[in-house]
Amino acid sequence: MVERHIQVVEPEDNVATALREIEAGETLTIAVGDGTVTVEALADVEFGHKIALEDIPAGETVVKYGKSIGNATEDVDAGAWVHVHNVESNYGRGDLSADSAEADA
Amino acid sequence: MSEFLGYERDDGSVGIRNHVAIISTAPYANDTVERAAEITENTVPITHPLGRCQTKPDVFQTYRTLLGYGTHPNVYGTVVVAHAGEIVDGDELASDVAETGRPSASINIHEEKGVMNALQATVNAAQEMVLDASDQRRVPADYSNLTFGINCATSDTTSGLCQHKATAKAVWRLIDDHDGRGVFAETAEFFGGEHELAERAVNDEVKQEILDRVDHWDKRLQATGYDVRGAQPTPDNMDGGLTTIEEKSLGALVKSGDGPIQDIVDYGSKIPDGSGMYIMDTPGHGAESVTGIGAGGAHFMVISTGQGHTLSNAIMPTIKITGNPNSRERVPEETDVDVSEALVGDKDYDWAADQLWNELTRIVDGKLTMSEALGESQFAIHRIGPST
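Protein chains in written order, with my numbering: chain A, 1 to 105; chain B, 1 to 388.
The hints are simulated quantities; they were obtained by calculation from the structure and are not laboratory data. Don't take every hint at face value.
[Stated by the list, open to error] Mimicking BS3-like on lysine-lysine, the simulated pairs with C-alpha atoms at most 27 Å apart in a straight line are:
1) B:K219 x A:K67
2) B:K169 x A:K67
3) B:K207 x B:K169
4) B:K367 x B:K347
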């Protein structure tokens with residue numbers, strides 16, 4: 001049965017938002033566009049946090065609202081919790097600019 | 001019905017509140033302003049750390065913002081209190097307020113020969129205005145007079161999925177059905193969605209201006225030499241599941257709907273008279289963006305919050321809406337509208353928009369918001385450069 005409280009915004013998204021607490025080991029059938037995707041939760045996921053709908057290799061784009069919300073910093077498996085520990089932003093990255101204060105520190 | 005009950009002003013605007021503002025032009029007049037407002041009922045003190053030893057871009061921005069409050073549609077009259085001679089000039093500010101037909105007074109602590117004399121003069125001027133303001137009656141006015149401000153606060157992943165959809169439907173109801181205006185802000189929270197947003201501009205000039213201003217913010221943040229994460233998204237955003245500024249931005253833009261953008265204006269500038277949706281160029285810092293939108297003349301603001309927030313403004317009523325079923329428990333006395341049943345229950349977003357619209361029309365007619373009833377407000381003018 002399709003999960004009512006796990007939401008995907010656009011069909012091309014590779015993450016879903018949990019609108020309930022998810023426990024590791026749960027098998028989840030999630031509506032994506034006109035179809036469904038089934039994944040096994042690899043970790044507990046809190047209300048409001050995200051779960052990967054497919055494998056996202058390190059460096060690849062994490063997609064929500066049909067757009068990039070950043071890049072995976074490690075290989076993210078389908079069913080994994082997706083958050084700050086495995087995704088980085090492409091904006092406001094003074095730490096990556098040539099005269100970075102962090103790089104100098 | 002397309003009429004509300006408001007206070008007519010000589011400059012043609014119509015207010016939904018009838019405040020007397022007491023405005024400080026520099027930190028050294030703040031205490032006198034606070035004390036005068038404590039003594040005089042129904043006054044709003046406006047204090048800040050700016051107005052002295054600032055470079056010109058900040059002087060212009062501070063002046064523009066204070067004048068925006070002194071001449072706000074919800075303001076009946078204004079007392080300006082200065083410490084001495086300042087680069088943000090008290091007499092000039094009071095004179096510019098008077099040009100809109102509002103009662104105004106200018107008090108200068110040095111010229112009054114002391115804070116006690118200045119306090120007496122401020123209270124005398126404020127008392128007279130408060131008495132006259134209390135004698136003014138609300139009259140019917142067309143909804144087209146209204147400017148609807150929008151801001152996020154402590155966003156989480158529910159914001160873009162739920163409450164922002166209700167907010168967008170409500171603001172476009174005012175624009176499309178009543179020829180009113182809407183304004184949203186927080187340019188640093190357009191990152192990742194700026195191209196789609198710019199496509200909504202009414203012409204190429206506005207389109208380019210949106211892209212340039214977003215790029216300017218990205219460069220300003222990069223110039224710090226640090227990763228912006230922690231400042232954007234904030235720790236409470238991340239607790240709520242938002243991972244990057246792009247994810248926060250794409251959610252944040254949902255509250256602006258998908259209709260045309262008329263223009264993008266400087267921080268604290270008056271929102272133009274024409275009907276439609278406008279952007280004000282502000283940081284994502286809530287107290288600063290809300291203060292800027294208030295200076296722009298928005299009559300009221302819907303603050304669309306994820307985790308719950310105290311963000312509010314004393315001149316422009318702030319209506320807090322949430323779609324996170326857990327938020328009402330976090331800040332119960334600050335949540336005006338809870339539409340979480342549209343996210344986790346059986347309701348739809350038309351229902352959610354109706355909930356918001358019904359509450360905001362009452363607030364326009366005089367019902368207090370939760371934060372007004374508690375006397376909650378913040379005031380923070382965005383600063384551009386260094387003090388000197």
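Status of the hints after comparison with the structure:
no. : hint            : in the structure
1   : B:K219 x A:K67  : holds, 22 Å
2   : B:K169 x A:K67  : holds, 23 Å
3   : B:K207 x B:K169 : holds, 23 Å
4   : B:K367 x B:K347 : holds, 26 Å
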